[in-house]
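Peer 1: The chain contents come next:
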Amino acid sequence: MTAVLEVSDIRKSFGGIKAVDGVSFDVHEGEILGLIGPNGCGKSTLFNCILGQLTPTDGEVKVDGKTVTGLRPSELNRLGVSRTFQLLQVFPKLSVRENLILAGQEHQGNMVSRLFGPSDAGLSAAADQMIGFFKLDHLATEAAGGLSYGQQKLLDAAMAFMGGPRLVLLDEPAGGVNLTMLGDLKERLAAINREKRATFVVIEHNMEFVMSLCTRVMVMAEGRLLAMGTPSEVRANPAVIEAYLGH
Amino acid sequence: MTAAGKYWRIALGVAVIAALIIVPMNFNRYGLYILSQWTVMTIAAMGLNLTLGYAGQVSLAQGAFVGIGAYAAAIMTTQGMPLIVALGVAIVLCFAIGWILGYPALRVQHHYLAFVTLAFSTLAFLVFRNEDWLTKGIYGISNIPRPNVLGFATNRPLPFYYFCLGSLGIVSLAMWWLIRSPWGRAFVALRENPVRALSLGIDTRRYTLMAFAIGSALGGVAGTLYAPLTQYIDPVPFNLSLSLDLLMMVIVGGSGFFFGPFLGAMIAVLLPEWLRFTQGYYLMLYAVAVMLLLIYSPTGILGILDRYLTERRTKAASALRAVAKSRLETAP
Chain C
12 MTAVLEVSDI RKSFGGIKAV DGVSFDVHEG EILGLIGPNG CGKSTLFNCI LGQLTPTDGE
72 VKVDGKTVTG LRPSELNRLG VSRTFQLLQV FPKLSVRENL ILAGQEHQGN MVSRLFGPSD
132 AGLSAAADQM IGFFKLDHLA TEAAGGLSYG QQKLLDAAMA FMGGPRLVLL DEPAGGVNLT
192 MLGDLKERLA AINREKRATF VVIEHNMEFV MSLCTRVMVM AEGRLLAMGT PSEVRANPAV
252 IEAYLGH
Chain W
1293 MTAAGKYWRI ALGVAVIAAL IIVPMNFNRY GLYILSQWTV MTIAAMGLNL TLGYAGQVSL
1353 AQGAFVGIGA YAAAIMTTQG MPLIVALGVA IVLCFAIGWI LGYPALRVQH HYLAFVTLAF
1413 STLAFLVFRN EDWLTKGIYG ISNIPRPNVL GFATNRPLPF YYFCLGSLGI VSLAMWWLIR
1473 SPWGRAFVAL RENPVRALSL GIDTRRYTLM AFAIGSALGG VAGTLYAPLT QYIDPVPFNL
1533 SLSLDLLMMV IVGGSGFFFG PFLGAMIAVL LPEWLRFTQG YYLMLYAVAV MLLLIYSPTG
1593 ILGILDRYLT ERRTKAASAL RAVAKSRLET AP
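Those protein sequences? They're chains C and W, same order as listed. If you use the numbering used here, the first sequence corresponds to residues 12 to 258, in order. If you use the numbering used here, the second sequence corresponds to residues 1293 to 1624, in order.
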């Protein structure tokens, strides 16, 4: 199995606090890796270090064997690494369709071709397909800010997939989403993983969601890697039960 | 938008353009001067509306760019060069300086950025005033010629007004096209959520600098029209208060709305004339009117219209849903 993402010995301190304290792992092509752990254990900081939103104090990140540590998020994104956010991050005044076009437009051509190309950057059809895939059809022309929380979460996820990414890091995709929509979301993610061979890393607190969606799960505690394995292995691990899952 | 709504809009647009061409034919010299000034200020405000309204970057330096454009035009055309050459120089110069002025915006935002641009505005004013060898300092540059456009002399007020109006038309079309292009969408993304924009592959640095550069270049375009309009320039009109005026035009008209600068410039340039009958009270009335407007609608005049239209559309949509629902319920 080839590794899409290789993280070696990432460290990040804020003043005296070691938020991430030497984490290494590989993510294989086509897998869905779950990342769990108690609040404040460094999951989101790790994500931000991998994605270039934060510069790690130490360590190295490779995507497809190429070192990407220190690249800006926009550069990393154009290499095929995409993300969703824990808190809502859509463009409220743009319509759903515009949000999706925006999410894809920088992945093709250059500044000049975008300026002189068509207004929709030739992405209307792709955006509408994504809208259909996430069942947002009736909302295509609505301003994203007017959507419900769950719908905005779906849109946020849809945006991450517009550029046809190889690797997607999802930060709590299920947070605040109701049960029906959660089922939808899980099914959509699994479908994209299957059909597009996209690789996922998912931070999530909803255990049912993680254990049923992910092929492997890694557990963090206090900035370090505590355990890594299949969902059943992790669930049976005494250290994990102690630190996070509870008895 | 319905098809009928679209036709109404086109009809309204044609009527306004026709009025702008036909009505001023009977205007006196002063009326035409004021109207020409409106077109010039609209162009400058459109530039600022791109930087501030669409891309969300505060600038208190737009007046300085109008000044740079005006001095470029004044210096070059009094040396016998054609205005079109001065226009080219002003655009390139303001674009380059605007690009450089954008760098602070990569580090600071909001009122901090306002202060950086304010400092630049003061710097530009000092150059206009103190560098006598170039700008003739406080004596100013007089006898600025008006251009010949396609063989027509624009010395008289009416032809010069048409020249300004035509320029406004060209700038408006270019701007309309720009904000509807993927760049326009990226500018809005910059304003609404720079962190998310970055994670979607949008090079926020380059777009920030572009927003500053293009907005500033439009300030330069306005300046190259301003110089032959007044035919005399000195440093005073390009001090900080012009930048503040332009900022007010953008905000009062409706920041981030395409037609905001047109309305804002109309209020800033024409309202003082209409309020002339109040004599000494005009500035007070004007100030009170602006304050009341911004309390009632922080998003400016077009913000009021936008709210009204959104409300109507929502009502129409919920009415449609109600009809659809009742049909479903009454269906056999």
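Heads up, a few of these hints could be off.
[What the hints assert, rightly or not] Some chain W residues well away from chain C (every beta-carbon gap over 10 Å; in silico):
| hint | residue |
| --- | --- |
| 1 | 1296 |
| 2 | 1314 |
| 3 | 1373 |
| 4 | 1385 |
| 5 | 1475 |
| 6 | 1586 |
| 7 | 1588 |
[Stated by the list, open to error] Simulated pairs of lysine-lysine, DSS-like, Cα-Cα distance not exceeding 27 Å:
| hint | chain 1 | residue 1 | chain 2 | residue 2 |
| --- | --- | --- | --- | --- |
| 8 | C | 104 | C | 146 |
| 9 | W | 1298 | C | 207 |
| 10 | W | 1607 | C | 146 |
| 11 | W | 1298 | W | 1607 |
| 12 | C | 197 | C | 146 |
| 13 | C | 197 | C | 77 |
| 14 | C | 104 | W | 1428 |
| 15 | C | 207 | C | 73 |
| 16 | C | 73 | C | 146 |
What the hints contain is simulated information worked out from the structure, not anything from laboratory work. Just so you know, even glycine gets a beta-carbon here, dropped at the ideal spot from N, CA and C.
Peer 1: Tell me, which hint numbers fail for this structure?
Peer 2: Those not satisfied are hints 5, 9, 13, 14, 16.
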